[in-house]
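Asker: In order, the protein sequences belong to chains F and H. Convert by adding 23 to the 1-based position in the first sequence; the result is the number in the working numbering. Convert by adding 501 to the 1-based position in the second sequence; the result is the number in the working numbering.
Hints may be right or wrong, so weigh each one.
Unchecked claim - Derived lysine-lysine pairs resembling BS3-like cross-links, with alpha carbons at most 30 Å apart:
no.: 1; chain 1: F; residue 1: K189; chain 2: F; residue 2: K28
no.: 2; chain 1: F; residue 1: K153; chain 2: H; residue 2: K565
no.: 3; chain 1: H; residue 1: K565; chain 2: F; residue 2: K102
no.: 4; chain 1: F; residue 1: K153; chain 2: H; residue 2: K584
no.: 5; chain 1: H; residue 1: K551; chain 2: F; residue 2: K134
no.: 6; chain 1: F; residue 1: K153; chain 2: H; residue 2: K522
no.: 7; chain 1: F; residue 1: K154; chain 2: H; residue 2: K584
no.: 8; chain 1: F; residue 1: K153; chain 2: F; residue 2: K102
no.: 9; chain 1: F; residue 1: K154; chain 2: F; residue 2: K137
no.: 10; chain 1: F; residue 1: K153; chain 2: H; residue 2: K611
no.: 11; chain 1: H; residue 1: K580; chain 2: F; residue 2: K137
no.: 12; chain 1: H; residue 1: K528; chain 2: F; residue 2: K102
no.: 13; chain 1: H; residue 1: K584; chain 2: H; residue 2: K551
no.: 14; chain 1: F; residue 1: K154; chain 2: H; residue 2: K528
no.: 15; chain 1: H; residue 1: K565; chain 2: F; residue 2: K137
no.: 16; chain 1: F; residue 1: K153; chain 2: H; residue 2: K528
no.: 17; chain 1: F; residue 1: K181; chain 2: F; residue 2: K25
no.: 18; chain 1: H; residue 1: K565; chain 2: F; residue 2: K154
Don't read these hints as lab results, they were simulated from the structure. Treat the numbers as computed from the prediction; the structure is a model and nothing was measured.
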Amino acid sequence: MKWRKFNIIIHRDLGYLCFGLTIIYAISGVAVNHIQDWNPTYVLEKIVSSVNLAGIESADNEALTSSVLEQLGETSELKNVYRQDADTLKIFVVNNNITVDLNTGSVFQEKSTKRPFLYEANFLHLNHPKKLWTWFADLYAVSLGLLAVSGLFILKGKKGLAGRGKWLVGVGFVIPLFFLWLYS
Amino acid sequence: MKKIVLMFWLLVLGALPLQAKTEIYGKGVSIQEATPVSAILDDPDAYVGKTVRVEGLIIDVCAKRGCWVYVAGDRQGEKIQVKVTDGEIVFPMSASGRMAAVEGVVEELKLSREQMISYLQHLAEEKGQPFDPDTVTDERMIRLRGIGAEIEG
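In isolation and in its complexed conformation, chain H is listed as follows (with noise of 0.2 Å):
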């Protein structure tokens, strides 16, 4: 019995994280060539479906559910959205500031101008930021659907 109880344990520690640097999510990151966040965002049109590869910091994590993640563009003030299944990638509140690898594809989220203004009204709010509905000028939403990321510890 006491050889049971020794393996259970080995078993359990095995299981446990190791202390990596770097933490992988869902299916990793494969490509290695990335995608600067502008070059997807002046031309969407040119990626929409395209499985691609961006870098950068993390700037915000859903707080709920760890659906999401915003990575800082190459250009002041631009950002992306990556979005996972939930449950499926779960990113956790420490990802925010770090800087990461993310690997998704690139999809075209259609909304009404009410949605559009009611998400991203909703966004400010949890984030305790002042927002302007004036400011909502396009519809559309350009966001990669996560497949994989590599965030540094």
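Next up, chain F with everything else stripped away, as it sits in the complex (with noise of 0.2 Å):
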């Protein structure tokens, strides 16, 4: 087989693997990208409103709980309790964080839900799961090198390397280089 039509066997099959985890990388970089102006893994709702606790015993925290999760309406998991001063209760519950101002009944609610799609591909694009997937996503680094590395070759003649794809790799190079010079 010649060296050129093994090339472009590797490039084809190789491409069709990295298909789907290129472009949910690509999704998830775009949303990791603009960290600064959104969460791209929870929506985050914060609500603000107020329960009356009149004839609750202030120190009775679990029925001061019991009747501020009845009063929101909030059925989720309770994971934990926390009294941070006398006049402050924290509730946290399955999504949801509630914090209570015990002298004027006020509640701040910080409500979060994962974001469908993109907080399974962050999770994976940000290496959370670590294990075995780094391994997997360091094969699939070394394979988009591959891709590379084996679509330089792929055309012959004016339209190949030797041609205007010389040109093209060089401005590849340029770009970051470019950026690099903005911003040292």
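Two chains, two frames, a set of hints: combine them into the complex.
Answerer: Next up, the structure:
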């Protein structure tokens, strides 16, 4: 088999194999790039409201928690309760952190829900699983390198590396160098 | 080709996280004996630069990047921030309200009064809590530079 034909086979099959993860990483990459502007993994909702805690003993965390959750209509699983100080009660339920001012009855809720697809995409892209995924992601990175190199040698002639290819490859190097110079 | 596809899926499934009861972040926790948060806050100079293990309830998580958590202290109202390098460890929002053991190096952050007020005001605004700049009496912040953590599921 001629080396160029072998190169095309490698490029084609690696391309098929890498397609899924490349799309996942591309979408996650854009999402994470803009982390200054938004949370790419969770939808956060902040709600200010109030509850009436009259008649409940202020030291009775259990009764206070039960009343707050009932008045807010919060039915998610209770994780923990923390008495920050005499006037502040923090109630942690799944996907909701509730801070109650026991003096005024003012309530601040911080609800978080996972962004569909992006949560999972970022989980993989940012290598949160660690373990075996690290090796798999390394293998994927090597595959991308192979795809890039084999892509250089797909075509011959004027449209190949010897022709316009060399200029475009050059531009591909110059762009990151330009930004490195710009921000140095 | 079918064998290759089968092996691929076995690899992917193997990489999925196990549903462990305790989740480990960063390098995990190797120190066995916990240092009370109160001991660190009472005498920070004795701990700055030392690697310690603290245990407690996670009462706040950085909502934007998961780059810090606050661990409640052993005395009411006290807490300590655990700051991690962005991206190296990312604490999930679900960590709040969970018990954790955290290992990190005690560090002192020296800020100007304006910087400290601005930082604490920002935190209070994020959490919808009132903030009085007059309550800022100390311009140094004692926190842990987090190395690893174990958070109960």
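Asker: Under the criterion that the straight-line Cα-Cα distance not exceed 30 Å, is the pair K189/F, K28/F satisfied?
Answerer: Holds, at roughly 21 Å.
Asker: What's the verdict on K153/F and K522/H, does the C-alpha distance respect the 30 Å limit or exceed it?
Answerer: Satisfied, since the Cα-Cα distance of roughly 17 Å is no more than 30 Å.
Asker: Would you check the hint for K153/F and K584/H, treating anything up to 30 Å between C-alpha atoms as holding?
Answerer: holds (20 Å)
Asker: Is the Cα-Cα distance between K153/F and K565/H 30 Å or less?
Answerer: Within the cut-off at roughly 21 Å; holds.
Asker: Taking only the CA atoms, is the gap from K153/F to K611/H under or equal to 30 Å?
Answerer: violated (34 Å)
Asker: Given the hinted pair K154/F and K528/H, is their alpha-carbon gap at most 30 Å?
Answerer: Roughly 12 Å separates the two Cα atoms, so the pair holds.
Asker: Is it true that the CA of K154/F sits at most 30 Å from the CA of K137/F?
Answerer: Since the Cα atoms of K154/F and K137/F sit roughly 23 Å apart, the hinted pair holds (cutoff 30 Å).
Asker: Between K580/H and K137/F, is the straight-line Cα distance small enough, at 30 Å or below?
Answerer: holds (27 Å)
Asker: Is the hinted pair K584/H and K551/H satisfied, with a Cα-Cα distance of at most 30 Å?
Answerer: Since the Cα atoms of K584/H and K551/H sit roughly 15 Å apart, the hinted pair holds (cutoff 30 Å).
Asker: For K565/H and K154/F, compute the direct alpha-carbon distance and say whether it is at most 30 Å.
Answerer: Given pair K565/H, K154/F holds - Cα atoms ~25 Å apart, limit 30 Å.
Asker: If you draw a straight line from the CA of K153/F to the CA of K528/H, is it 30 Å or shorter?
Answerer: This hinted pair holds, its Cα atoms lying about 11 Å apart.
Asker: Verify the proposed pairing of K528/H with K102/F, using a straight-line Cα cut of 30 Å.
Answerer: It holds: about 25 Å lies between the C-alpha atoms, which stays within 30 Å.
Figure legend: structure checked against the earlier numbered hints; hints not met, in rising order: 5, 10.
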